[in-house]
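Below, each chain spelled out in residue letters.
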Amino acid sequence: MIDLTYLNDRFEHLQQVSADDGIAGVRKNSFDSFSKTGLPTYRTEDWKYTSIGNLFDQSFEQAGHTVSLADLEALRMPGHHKANELVFVNGRFDAALSNFLSTDDELIVLSLKDAAKGEYKDLVARYLNKSSEYMKDGVHALNGAFIEEGVFVHIHKGKTPQHPLYIYHILDGRAHPVMAQPRGLIYIDKNSRLQLTETYVTLGVSDSFCNGVLEVVVDQNAYVEYYKIQNDASNASQVSTTHITQIGRSYVHTVTVTLNGGVVRNNMNLVLDADGNETHLYGLYLLKGKTHADNHTMIDNRQPNCFSNQLYKGIADDFSTAVFNGKIMVQPDAQKTNSFQSNKNILLSDNATINTKPQLEIFADDVKCSHGCTVGQLDEEALFYLRARGIPKEKAEVLLLQAYAADVLTHIKPMAIRAYVEKLIYEHLSIV
Amino acid sequence: MLSIKNIHANVEGKEILKGINLEIKAGEVHAIMGPNGSGKSTLASVLAGREQYEVTAGEVSFLDKNLLELSPEDRAREGLFLAFQYPVEIPGVSTTNFIKAAVNEKRKYHGLEPLDSVSFLKIMKEKMKLVEIDQSLLSRSINEGFSGGEKKRNEIFQMAMLEPKLAILDETDSGLDIDALRIVANGINKLHSPERAVLVITHYQRLLDYIQPDYVHVLYNGRIVKSGTKELALELEEKGYDFITEGVDLNA
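Sequence lines, in order, name chains A and B.
Residues in the first sequence are numbered from 1 upward in steps of one, following full-length UniProt numbering.
Residues in the second sequence are numbered from 1 upward in steps of one, following full-length UniProt numbering.
It is worth saying that the hints were derived from the structure and are not from the lab.
Be aware that a few hints might be false.
From chain A, some residues computed to sit far from chain B (all C-beta separations above 12 Å) [said to hold, decoys possible]:
{"#": "1", "residue": "D3"}
{"#": "2", "residue": "L14"}
{"#": "3", "residue": "G25"}
{"#": "4", "residue": "D71"}
{"#": "5", "residue": "A96"}
{"#": "6", "residue": "L123"}
{"#": "7", "residue": "K159"}
{"#": "8", "residue": "Q220"}
{"#": "9", "residue": "N231"}
{"#": "10", "residue": "D275"}
{"#": "11", "residue": "G289"}
{"#": "12", "residue": "P304"}
{"#": "13", "residue": "M329"}
{"#": "14", "residue": "K336"}
{"#": "15", "residue": "L347"}
{"#": "16", "residue": "K413"}
For the chain B half of the interface with chain A, some residues (derived, Cβ under 7 Å), not all of them [claimed, not checked]:
{"#": "17", "residue": "A48"}
{"#": "18", "residue": "R50"}
{"#": "19", "residue": "P72"}
{"#": "20", "residue": "E73"}
{"#": "21", "residue": "L82"}
{"#": "22", "residue": "I90"}
{"#": "23", "residue": "V93"}
{"#": "24", "residue": "A101"}
{"#": "25", "residue": "A102"}
{"#": "26", "residue": "E105"}
List time: in silico DSSO-like cross-link candidates among lysine-lysine, alpha-carbon distance up to 27 Å [claimed, not checked]:
{"#": "27", "chain 1": "B", "residue 1": "K65", "chain 2": "A", "residue 2": "K395"}
{"#": "28", "chain 1": "B", "residue 1": "K100", "chain 2": "A", "residue 2": "K423"}
{"#": "29", "chain 1": "A", "residue 1": "K393", "chain 2": "B", "residue 2": "K65"}
What you are looking at is a predicted structure, and each value in this text was computed from that prediction instead of being measured.
From the three backbone atoms N, C-alpha and C, an ideal C-beta is built for every residue, glycine too.
Given the sequences, and given the hints that come with them, work out the whole structure.
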């Protein structure tokens with residue numbers, strides 16, 4: 001049994017020093033929930049294939065870092081000089097490293113504490129930790145219990161910020177194992193647009209664990225593109241929950257790319273809570289070594305006439321494990337729902353594992369839902385064709401895998417980010 | 001250039017080639033004809049290095065190297081080219097990028113610098129004219145949605161770009177209408193030179209109206225049962241394969 005009592009002490013301390021920050025109640029409820037459920041085990045249905053308990057065998061530090069602007073410079077993504085950059089270090093929003101080009105009349109970025117008390121306090125009260133209605137497990141509660149330096153972003157009504165938003169999660173593992181629990185709430189107001197890219201980087205060689213929760217609320221007629229890029233160190237693990245609620249008729253488009261990492265668990269939740277929502281979820285995972293990547297998607301159709309489409313594709317090589325679990329719920333009121341899901345896999349090694357599971361719960365009678373999953377191998381004929389033209393086997397495989405990835409990558413709309421991901425993929429696949 | 005000595009080969013445990021002997025010299029055009037199931041495509045696959053084919057006996061030397069010890073990619077880089085009977089569609093890989101990679105891999109193998117984009121495009125334009133292939137095809141994924149004729153033309157275009165020493169054309173005429181056949185044959189003829197050899201594998205004589213072989217061999221039941229000049233092909237066309245196969249002892 002893992003001894004987590006040190007978390008008790010940390011929680012008590014946090015509640016004392018931040019008693020009046022407006023979030024103490026959320027923390028308290030979350031910690032109670034965590035205390036009750038503990039960390040998920042393989043006996044927890046949603047965690048059957050992914051174990052994170054043993055990550056806690058070591059005592060993670062949460063405090064102290066020496067991340068400088070120079071460190072940030074080395075890991076910035078292309079297009080950054082035209083982007084709003086929001087930086088978390090060890091899970092804490094770092095205003096000094098962050099940089100916003102957009103003006104306050106387009107969007108505003110506040111610490112969650114400030115937002116919880118000021119102009120946006122009603123929004124924070126209403127939407128912060130709404131995800132806990134869906135996420136009952138202890139890892140999610142653990143994040144809520146330790147909300148400290150979270151962030152609140154508000155995209156104002158009718159605004160299309162000229163600059164996209166980049167979120168960096170930097171974990172400073174140069175001195176000791178590090179755990180980060182970043183928390184964010186983004187409100188995208190009526191008739192506004194947001195393009196958002198999130199990425200994760202661990203510095204140094206120590207183990208890291210990032211348990212992040214981002215809640216996004218999308219109002220009437222808003223348009224959102226969200227890209228998640230995971231290419232961290234092989235001993236960098238994370239649970240990354242993105243909980244998007246579409247409260248007005250709106251459009252959401254997400255692409256999750258997972259390359260390198262330790263244990264990576266993504267929860268991509270979409271709550272379609274208005275008539276006529278449209279949602280597109282794409283995922284790509286290219287796993288080698290011992291990387292374990294688990295993509296859980298959840299679409300809760302609560303209102304009529306919603307459309308959603310999911311395409312997740314991936315490969316598992318070496319000793320890696322890929323998990324896909326796609327849950328689609330259609331509530332009694334959600335007539336005329338159209339919801340499609342496809343998961344395609346290539347298994348490249350006898351020692352790799354793929355688990356794929358669609359999960360449909362339909363309580364309305366006039367709906368169209370489909371799902372499909374495949375597990376296959378690289379096309380031997382195509383491989384021979386390329387080799388017969390003089391392309392060595394390893395390069396031919398990379399070409400075929402790049403081609404396999406391409407129909408997800410085309411859904412990364414900003415060219416700078418797509419080119420960046422293509423480069424990461426080429427490097428990732430070329431290292432034998 | 002190519003010397004095949006007593007090759008025996010199995011597919012899934014079944015012996016398909018039962019002792020083939022063939023000598024091809026630089027500058028020569030050879031045609032191998034034969035009825036379905038005689039082993040023609042197996043011979044092409046064995047020479048190109050397809051892994052499902054197991055060579056159980058015999059030797060093949062190509063430009064004084066032991067061909068059977070080379071990987072498929074090294075065979076190609078040494079100068080062997082197989083035009084596929086059924087070219088594969090590979091969605092997501094651009095034809096141009098693929099050919100550029102192939103050309104530069106070959107150059108690298110021979111200790112040459114890679115071609116820059118300008119030189120590559122210049123050569124590509126020349127060769128496109130040669131095989132009358134359209135630019136729009138080359139900017140698409142490899143063979144994706146190509147018609148049968150377009151696929152075969154793409155094979156000949158790749159051959160033109162790679163300038164092989166020995167080109168093996170596996171049933172390149174199958175599925176071609178008369179115009180496509182003429183274009184493909186033209187492309188092959190223009191590439192033919194005293195340094196290069198061509199091995200045409202075909203079921204019908206019609207391609208040989210356009211490509212004049214120096215030698216014609218009849219493959220039957222895994223062996224070459226008759227060799228001759230181009231007149232043999234005409235005779236086959238007239239009389240059918242029966243006049244050859246009658247009297248061949250299958251158990252010999």
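Evaluated hints:
1. D3: holds (50 Å)
2. L14: holds (49 Å)
3. G25: holds (51 Å)
4. D71: D71/A clear of chain B: closest Cβ-Cβ about 36 Å, beyond 12 Å.
5. A96: holds (43 Å)
6. L123: holds (43 Å)
7. K159: Since the minimum Cβ distance to chain B is about 37 Å, K159/A lies beyond 12 Å and the statement holds.
8. Q220: holds (38 Å)
9. N231: N231/A clear of chain B: closest Cβ-Cβ about 21 Å, beyond 12 Å.
10. D275: holds (37 Å)
11. G289: holds (24 Å)
12. P304: holds (36 Å)
13. M329: holds (33 Å)
14. K336: Nearest chain B Cβ is 33 Å from K336/A, so the label holds.
15. L347: holds (19 Å)
16. K413: The claim holds: K413/A sits with its nearest Cβ about 18 Å from chain B, beyond 12 Å.
17. A48: holds (5 Å)
18. R50: holds (6 Å)
19. P72: holds (4 Å)
20. E73: holds (5 Å)
21. L82: holds (6 Å)
22. I90: Interface hint status for I90/B: holds (5 Å vs cutoff 7 Å).
23. V93: holds (5 Å)
24. A101: holds (6 Å)
25. A102: Hint holds; A102/B Cβ to chain A Cβ min 4 Å, cut 7 Å.
26. E105: holds (5 Å)
27. K65/B with K395/A: holds (24 Å)
28. K100/B with K423/A: Holds, at about 19 Å.
29. K393/A with K65/B: At roughly 21 Å apart (the allowed maximum being 27 Å), K65/B and K393/A satisfy the hint.
Checked against the numbered hints above, the structure violates none of them.
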